[in-house]
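**Q** Sequences listed follow chains A and B, in order.
Counted the way numbering that gives the first Met the number 0 counts, the first sequence spans residues 0 to 534.
Counted the way numbering that gives the first Met the number 0 counts, the second sequence spans residues 0 to 341.
Hints are computed from structural coordinates only; laboratory data are not their basis.
Predicted, not measured: the structure shown is a model, and the values here were computed from it.
Virtual Cβ for every residue (Gly too), placed ideally from N, Cα, C.
Keep in mind that a hint or two might mislead.
Unchecked claim - Sample of chain A residues facing chain B (criterion: CB under 8 Å; computed from the structure):
{"no.": "1", "residue": "234"}
{"no.": "2", "residue": "241"}
{"no.": "3", "residue": "242"}
{"no.": "4", "residue": "406"}
As the list claims (entries may be wrong) - Cross-link-like lysine to aspartate or glutamate pairs, in silico, DMTMM-like; alpha carbons within 25 Å at most:
{"no.": "5", "chain 1": "A", "residue 1": "125", "chain 2": "A", "residue 2": "181"}
{"no.": "6", "chain 1": "A", "residue 1": "127", "chain 2": "B", "residue 2": "102"}
{"no.": "7", "chain 1": "B", "residue 1": "140", "chain 2": "B", "residue 2": "228"}
{"no.": "8", "chain 1": "A", "residue 1": "343", "chain 2": "A", "residue 2": "387"}
{"no.": "9", "chain 1": "B", "residue 1": "174", "chain 2": "A", "residue 2": "491"}
{"no.": "10", "chain 1": "A", "residue 1": "204", "chain 2": "A", "residue 2": "107"}
{"no.": "11", "chain 1": "A", "residue 1": "343", "chain 2": "A", "residue 2": "353"}
{"no.": "12", "chain 1": "A", "residue 1": "483", "chain 2": "A", "residue 2": "311"}
{"no.": "13", "chain 1": "A", "residue 1": "125", "chain 2": "A", "residue 2": "163"}
{"no.": "14", "chain 1": "A", "residue 1": "343", "chain 2": "A", "residue 2": "491"}
{"no.": "15", "chain 1": "A", "residue 1": "204", "chain 2": "B", "residue 2": "187"}
{"no.": "16", "chain 1": "A", "residue 1": "343", "chain 2": "A", "residue 2": "357"}
{"no.": "17", "chain 1": "A", "residue 1": "343", "chain 2": "A", "residue 2": "464"}
{"no.": "18", "chain 1": "A", "residue 1": "125", "chain 2": "A", "residue 2": "474"}
{"no.": "19", "chain 1": "B", "residue 1": "174", "chain 2": "A", "residue 2": "510"}
{"no.": "20", "chain 1": "B", "residue 1": "174", "chain 2": "A", "residue 2": "260"}
{"no.": "21", "chain 1": "A", "residue 1": "127", "chain 2": "B", "residue 2": "187"}
{"no.": "22", "chain 1": "A", "residue 1": "125", "chain 2": "B", "residue 2": "66"}
{"no.": "23", "chain 1": "A", "residue 1": "204", "chain 2": "B", "residue 2": "109"}
{"no.": "24", "chain 1": "A", "residue 1": "125", "chain 2": "B", "residue 2": "69"}
{"no.": "25", "chain 1": "A", "residue 1": "204", "chain 2": "B", "residue 2": "66"}
{"no.": "26", "chain 1": "A", "residue 1": "204", "chain 2": "B", "residue 2": "69"}
{"no.": "27", "chain 1": "B", "residue 1": "174", "chain 2": "A", "residue 2": "268"}
{"no.": "28", "chain 1": "A", "residue 1": "127", "chain 2": "A", "residue 2": "90"}
{"no.": "29", "chain 1": "A", "residue 1": "204", "chain 2": "B", "residue 2": "245"}
{"no.": "30", "chain 1": "B", "residue 1": "174", "chain 2": "A", "residue 2": "509"}
{"no.": "31", "chain 1": "A", "residue 1": "127", "chain 2": "B", "residue 2": "66"}
{"no.": "32", "chain 1": "A", "residue 1": "125", "chain 2": "A", "residue 2": "75"}
{"no.": "33", "chain 1": "A", "residue 1": "127", "chain 2": "B", "residue 2": "75"}
{"no.": "34", "chain 1": "A", "residue 1": "483", "chain 2": "A", "residue 2": "265"}
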Amino acid sequence: MTYLPKEFLRGLPAVFMASALISTPVFAQDTPVSGGTLVVANDTEPRNLNPAIVASNGVFYISSKIVEPLAEMDYDTGLRPLLAESWEASDDGLSFTLNLREGVTWSDGAPFTSADVAFSAMQVWKEKQNIGRQIFRNLDAVETPDDTTAILRFSEPTPGQLIENALPAVTAVLPAHLLEGENLDETSYNAAPVGTGPFVFAEHKPGELYRLTRNENYWQNGQPYLDQIVYRVLPDPGAKAAALETGDIHVTAFSAVPLTDMARLDAIEGVSVIPGGYEGITYNITLDFNHRREELGNPLVRQAIAHAIDQDFLVDVVFLGYATPATGPVPPTAEDFYTDDTAKYPFDTARAEELLDEAGYPRGADGTRFSLRLRPAPWFQQTRDTGDYVRQALAAVGIEVEIVTADPGGHIAAVYTDHDYDLAIGSPVWRNDPAISTTILYQGGLDAGVPFANQWGYDSPEMNDIIAQGISTLDTAARTEVYKDFQRLAQEDLPIVFLTHFTFITVARDEVRNVANNPRWATSGWADTWIAADQ
Amino acid sequence: MPEAKSKVSPSRAARFAVFLFQRVVQAIPVLILVAIGVFGLLELAEGDAVDAYLAGIGAGDAGLAAELRDRYGLGDGLGSRFLTYSTRLVQFDLGYSIAFSRDVSTVILERLPNTLLMMISAILLSASIGVILGGIAAMRKGGPLDAGITFGALILNATPGFWLGLLGIILFAVKLRWLPIGGLSTLDADYGPVRATLDVARHLVLPVFTLALTYLALYVRLMRGAMIEVGESGWVLAARARGVPERQVVLRHIGRPALLPVVTMIGLQSGTLLGGSVVIETVFSIPGLGALAFEAVSQRDLQLLAGILLAGTLLVVFVNIIVDLAYGLLDPRVRLGAGEIA
Numbered sequence: 000m001t002y003l004p005k006e007f008l009r010g011l012p013a014v015f016m017a018s019a020l021i022s023t024p025v026f027a028q029d030t031p032v033s034g035g036t037l038v039v040a041n042d043t044e045p046r047n048l049n050p051a052i053v054a055s056n057g058v059f060y061i062s063s064k065i066v067e068p069l070a071e072m073d074y075d076t077g078l079r080p081l082l083a084e085s086w087e088a089s090d091d092g093l094s095f096t097l098n099l100r101e102g103v104t105w106s107d108g109a110p111f112t113s114a115d116v117a118f119s120a121m122q123v124w125k126e127k128q129n130i131g132r133q134i135f136r137n138l139d140a141v142e143t144p145d146d147t148t149a150i151l152r153f154s155e156p157t158p159g160q161l162i163e164n165a166l167p168a169v170t171a172v173l174p175a176h177l178l179e180g181e182n183l184d185e186t187s188y189n190a191a192p193v194g195t196g197p198f199v200f201a202e203h204k205p206g207e208l209y210r211l212t213r214n215e216n217y218w219q220n221g222q223p224y225l226d227q228i229v230y231r232v233l234p235d236p237g238a239k240a241a242a243l244e245t246g247d248i249h250v251t252a253f254s255a256v257p258l259t260d261m262a263r264l265d266a267i268e269g270v271s272v273i274p275g276g277y278e279g280i281t282y283n284i285t286l287d288f289n290h291r292r293e294e295l296g297n298p299l300v301r302q303a304i305a306h307a308i309d310q311d312f313l314v315d316v317v318f319l320g321y322a323t324p325a326t327g328p329v330p331p332t333a334e335d336f337y338t339d340d341t342a343k344y345p346f347d348t349a350r351a352e353e354l355l356d357e358a359g360y361p362r363g364a365d366g367t368r369f370s371l372r373l374r375p376a377p378w379f380q381q382t383r384d385t386g387d388y389v390r391q392a393l394a395a396v397g398i399e400v401e402i403v404t405a406d407p408g409g410h411i412a413a414v415y416t417d418h419d420y421d422l423a424i425g426s427p428v429w430r431n432d433p434a435i436s437t438t439i440l441y442q443g444g445l446d447a448g449v450p451f452a453n454q455w456g457y458d459s460p461e462m463n464d465i466i467a468q469g470i471s472t473l474d475t476a477a478r479t480e481v482y483k484d485f486q487r488l489a490q491e492d493l494p495i496v497f498l499t500h501f502t503f504i505t506v507a508r509d510e511v512r513n514v515a516n517n518p519r520w521a522t523s524g525w526a527d528t529w530i531a532a533d534q
Numbered sequence: 000m001p002e003a004k005s006k007v008s009p010s011r012a013a014r015f016a017v018f019l020f021q022r023v024v025q026a027i028p029v030l031i032l033v034a035i036g037v038f039g040l041l042e043l044a045e046g047d048a049v050d051a052y053l054a055g056i057g058a059g060d061a062g063l064a065a066e067l068r069d070r071y072g073l074g075d076g077l078g079s080r081f082l083t084y085s086t087r088l089v090q091f092d093l094g095y096s097i098a099f100s101r102d103v104s105t106v107i108l109e110r111l112p113n114t115l116l117m118m119i120s121a122i123l124l125s126a127s128i129g130v131i132l133g134g135i136a137a138m139r140k141g142g143p144l145d146a147g148i149t150f151g152a153l154i155l156n157a158t159p160g161f162w163l164g165l166l167g168i169i170l171f172a173v174k175l176r177w178l179p180i181g182g183l184s185t186l187d188a189d190y191g192p193v194r195a196t197l198d199v200a201r202h203l204v205l206p207v208f209t210l211a212l213t214y215l216a217l218y219v220r221l222m223r224g225a226m227i228e229v230g231e232s233g234w235v236l237a238a239r240a241r242g243v244p245e246r247q248v249v250l251r252h253i254g255r256p257a258l259l260p261v262v263t264m265i266g267l268q269s270g271t272l273l274g275g276s277v278v279i280e281t282v283f284s285i286p287g288l289g290a291l292a293f294e295a296v297s298q299r300d301l302q303l304l305a306g307i308l309l310a311g312t313l314l315v316v317f318v319n320i321i322v323d324l325a326y327g328l329l330d331p332r333v334r335l336g337a338g339e340i341a
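Extracted from the complex, chain A is given alone in its bound form (with noise of 0.2 Å):
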């Protein structure tokens, strides 16, 4: 049984698909059990699982339910506090107070203190996390007046929002007393992290599982329900589908099993597909453009290109309904942020080829007015697929394109780092504030080689200083407004065309509940969950 029908769904804006999930009362009387061991499919067995340094959802995935950020995303009031009770930044935008929660302990019995969060920010943040060397590039100093309390301190202005928004995702707190002096990179601790989460890291048998076990030290009192969490490695999505099926697992996260399936999972007695959780890492698809390219220079050709894909078709065939038309390059689950108030190019293939014409590029004798190969990015189903429908949407216009395919590692090597690409597919991830992964994206001046980022050979000085403005704008909603100005200037420059936002979809049995409770669900620390003895 599903929540909601799915067409229901597809009208609605995230955000109230998310309250609506949680008010679903079906499950609301229910009181919680102790005890059981939930299995869950896994397909990656990433090399570091240290979340302070690998801020990615695979990563997090696992070791989020081990190692705590200071705070989590929450449908009701945007952050829930976890090892930070409450924060605030200064009007001057040079400090940051974080005021931490009193009677935290790490796994092993020692106390969490605000050494841990200094430790944690200036070392391994600021130094060693993908995201975080960007979001913490200023932080002078962490000063710790008392074991509670920890401030941040900027060298140059930094927006309290920013880093508000950056604490689910980018603030996992490692402990101090068994990491300092050790060489991060190379320590044990991070195939077997230890944190103040729910769960211990118990075991890993390589190829197999991954075992964490209940933390008995853990500070919320009666949490977590379960006794363990066990991460099957089930590469296979038939198989995957199948082990739902049988009860083998409870659950699959990040869409692991194909879309095509959902509908025959959801028909099983005792298995829901549950499209929810995970609005605070959406991922969006674009079609990015390579601007060294003389035609796709030309924004008229970049507008002409957009006019020809019909983006309801994208979300209905590739994605099965489950995802939403982007409007530009904030997803509009991002309420504070998202405006439509911006440039549109409607599904229109005559207004398309008029602007090609207008451009100078005339459909030959052939009917062909140029040919562009594209890489689309080899990750996801749906980012091959959408390649495979843009090649259909563009020779209708009289633009021929082929595919180019390569493996992860080729992919990323041949877009940003060789720009040796015309259009390209990519699949960025959306995290909460556009100045974590999204501005990026526009950025001029990057130098070759930053991957996920503006390698189009777009550089607008109007987009530049308006990025400039993001990070340094102390005043929340004098922030927004930029942001809502980098939207509009992001339609009307259209250096990349946002095509569609998706969310993941999980699918679990009807006996696990308090799925899906967070805007971070699969990425959050499950403390919660639990298994309902009778189903």
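Dock chain B against chain A, hints included.
**A** This is chain B only, laid out in the frame that chain A set:
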């Protein structure tokens, strides 16, 4: 070249030692070629280990990429990287797998037993069924049984392994619930040694049969062809003329020599042993070397890939020595000795 050259016939053990030594020496140029090939191919592939890693973690900056390249030793020039790589190999130092953050030897040894268990069972099962069915088909040449066996084996051969595997899962694991869905052992089962062994065997039934059925056609066709051919040879005619019972003619005079090509094929297939079957390993969630090799390539993990290929080459050499020994047992005309079996 039969015994002509021998003045003093060396002892069996000494001859065997020389034979082994020759085999190992023969393997050296192969190993060198393989080692250079691995390096060259990974070098030709777009992107390096850092690109593959960044693709996995989804974000990074130029500074991070440079630091990682430094740490992985990818910042050096081509020549010095090749030197480091080949020096290590010569010293049999398999090195460190950057994709798994563990020693290459550890990573390979974790998976070697699973792959060997699965592939040896599958090849032997496939060869045994193939020999029996091929033999029956040859004896009933042209009859409906022959046509049925040949046709069935070809259909199985043409069926993709993953599809056969998934069908097996749906029928035996999901519908009938007789067999487990995948993996190598039951989660959290606390079994004694006997039950634990049976548990692993139960988990291997589906993958081993899936693999065996896809290889089956090969052995059926080989055995059938060989038996028909041998059946026309002079010694079979002679044996029948001597009045040897038909059953003995078929088993000893036709069947035994007809096994030679089958054994050769087992030797050749040993090459695929270590490669395992990426597809079957994936479908049945078995941590094996096939999937590992695939991961090594996609992560551009040179040390790991070299280690896997090295292990594979050694295994092929080893299996082929056994195959040569088996020839001697099957065909009395074959004598093991230096220079005789090349």
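**Q** Run every hint past the structure and note whether it holds.
**A** Here is what the structure says about each hint:
1. 234: holds, 5 Å
2. 241: With a closest approach of 5 Å, the residue 241 of chain A hint holds.
3. 242: Holds, about 5 Å.
4. 406: holds, 5 Å
5. A/125 with A/181: It holds: about 16 Å lies between the C-alpha atoms, which stays within 25 Å.
6. A/127 with B/102: holds, 23 Å
7. B/140 with B/228: holds, 12 Å
8. A/343 with A/387: The given pair, whose Cα atoms are some 23 Å apart, holds under the 25 Å limit.
9. B/174 with A/491: Cα-Cα ~55 Å, so violated.
10. A/204 with A/107: Holds. Residue 204 of chain A to residue 107 of chain A sits at ~22 Å (cutoff 25 Å).
11. A/343 with A/353: holds, 16 Å
12. A/483 with A/311: holds, 24 Å
13. A/125 with A/163: Judged against 25 Å, a Cα distance of about 16 Å means the pair holds.
14. A/343 with A/491: holds, 9 Å
15. A/204 with B/187: Holds, because 12 Å separates the two Cα atoms, which is no more than 25 Å.
16. A/343 with A/357: Holds, because 19 Å separates the two Cα atoms, which is no more than 25 Å.
17. A/343 with A/464: holds, 23 Å
18. A/125 with A/474: Roughly 24 Å separates the two Cα atoms, so the pair holds.
19. B/174 with A/510: holds, 21 Å
20. B/174 with A/260: holds, 17 Å
21. A/127 with B/187: With a Cα-Cα distance of about 37 Å, the restraint between residue 127 of chain A and residue 187 of chain B is violated, given a limit of 25 Å.
22. A/125 with B/66: holds, 14 Å
23. A/204 with B/109: Holds. Residue 204 of chain A to residue 109 of chain B sits at ~9 Å (cutoff 25 Å).
24. A/125 with B/69: At roughly 19 Å apart (the allowed maximum being 25 Å), residue 69 of chain B and residue 125 of chain A satisfy the hint.
25. A/204 with B/66: Judged against 25 Å, a Cα distance of about 30 Å means the pair is violated.
26. A/204 with B/69: Measuring from Cα to Cα gives roughly 30 Å; hence the hint is violated.
27. B/174 with A/268: holds, 14 Å
28. A/127 with A/90: Violated, because 28 Å separates the two Cα atoms, which is more than 25 Å.
29. A/204 with B/245: Status violated; Cα separation ~55 Å.
30. B/174 with A/509: The hint holds at about 20 Å.
31. A/127 with B/66: Measuring from Cα to Cα gives roughly 10 Å; hence the hint holds.
32. A/125 with A/75: Distance of about 30 Å is beyond 25 Å: violated.
33. A/127 with B/75: holds, 22 Å
34. A/483 with A/265: Violated, at about 39 Å.
When the structure is compared with the earlier hints, violations turn up for hints 9, 21, 25, 26, 28, 29, 32, 34 and for no others.
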